[in-house]
Amino acid sequence: MKTYTLKWEQSIPITLEEAWDFFSSPINLAKITPGGMGFKITSDYTEQTQMYEGMLITYKIAPLFGIKMNWMTEITHIHPQKEYFIDEQRFGPYAMWHHEHHFKPIKGGTKMTDILTYAIPYGAVGTLANRLLVQKKVKHIFSYREKAITERFGKL
Numbered sequence: 003m004k005t006y007t008l009k010w011e012q013s014i015p016i017t018l019e020e021a022w023d024f025f026s027s028p029i030n031l032a033k034i035t036p037g038g039m040g041f042k043i044t045s046d047y048t049e050q051t052q053m054y055e056g057m058l059i060t061y062k063i064a065p066l067f068g069i070k071m072n073w074m075t076e077i078t079h080i081h082p083q084k085e086y087f088i089d090e091q092r093f094g095p096y097a098m099w100h101h102e103h104h105f106k107p108i109k110g111g112t113k114m115t116d117i118l119t120y121a122i123p124y125g126a127v128g129t130l131a132n133r134l135l136v137q138k139k140v141k142h143i144f145s146y147r148e149k150a151i152t153e154r155f156g157k158l
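In this text, residue positions in the sequence shown follow my numbering: the first is 3, and each later residue adds one.
Worth double-checking, as some hints may not be accurate.
[Claimed, not checked] Computed Cβ-Cβ distance ranges for the label pairs, DEER-style: (1) 4 x 53: 29 to 35 Å; (2) 37 x 156: 17 to 23 Å; (3) 149 x 108: 38 to 44 Å; (4) 17 x 70: 33 to 39 Å.
Hints are computed from structural coordinates only; laboratory data are not their basis. Backbone N, C-alpha and C define an ideal beta-carbon position, used for all residues, glycine too.
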């Protein structure tokens, strides 16, 4: 199975604590996801829900062609000093999804680094689909997130 790794970095003028509070809340994911994806969290969480290792988060999402599907991720690791957390797909559109969210205090704010490693099912057909569609869509989602985060918090 071929895997793909993408990395994004962004620095924002808020404290590590503020960044952690926002990005570790599953509810806030909808605020930084493109509207056209039909993204909706179906888990029964509120803005006060604290993330924990083993937490399962369920979604409805239409990643390609408006076709809705169910997706479940699990929070598999949380660094106790709020340096990173990791979510992994348990079921959904990918053969594998491993998303690392890193946070580092810097002068004037926080540097965030996302490292996404994923795989597409269906062998050679999946490889072709990744080349033609999926990777572009994933990059679009993270480009949108960067813009939404900048609008919400500013940038350094």
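Comparing the hints with the structure gives:
no., hint, result
1, 4 x 53: 29 to 35 Å, "holds, 30 Å"
2, 37 x 156: 17 to 23 Å, "holds, 22 Å"
3, 149 x 108: 38 to 44 Å, "violated, 21 Å"
4, 17 x 70: 33 to 39 Å, "holds, 37 Å"
In this structure, only the earlier hint numbered 3 is contradicted, and the remaining ones agree with it.
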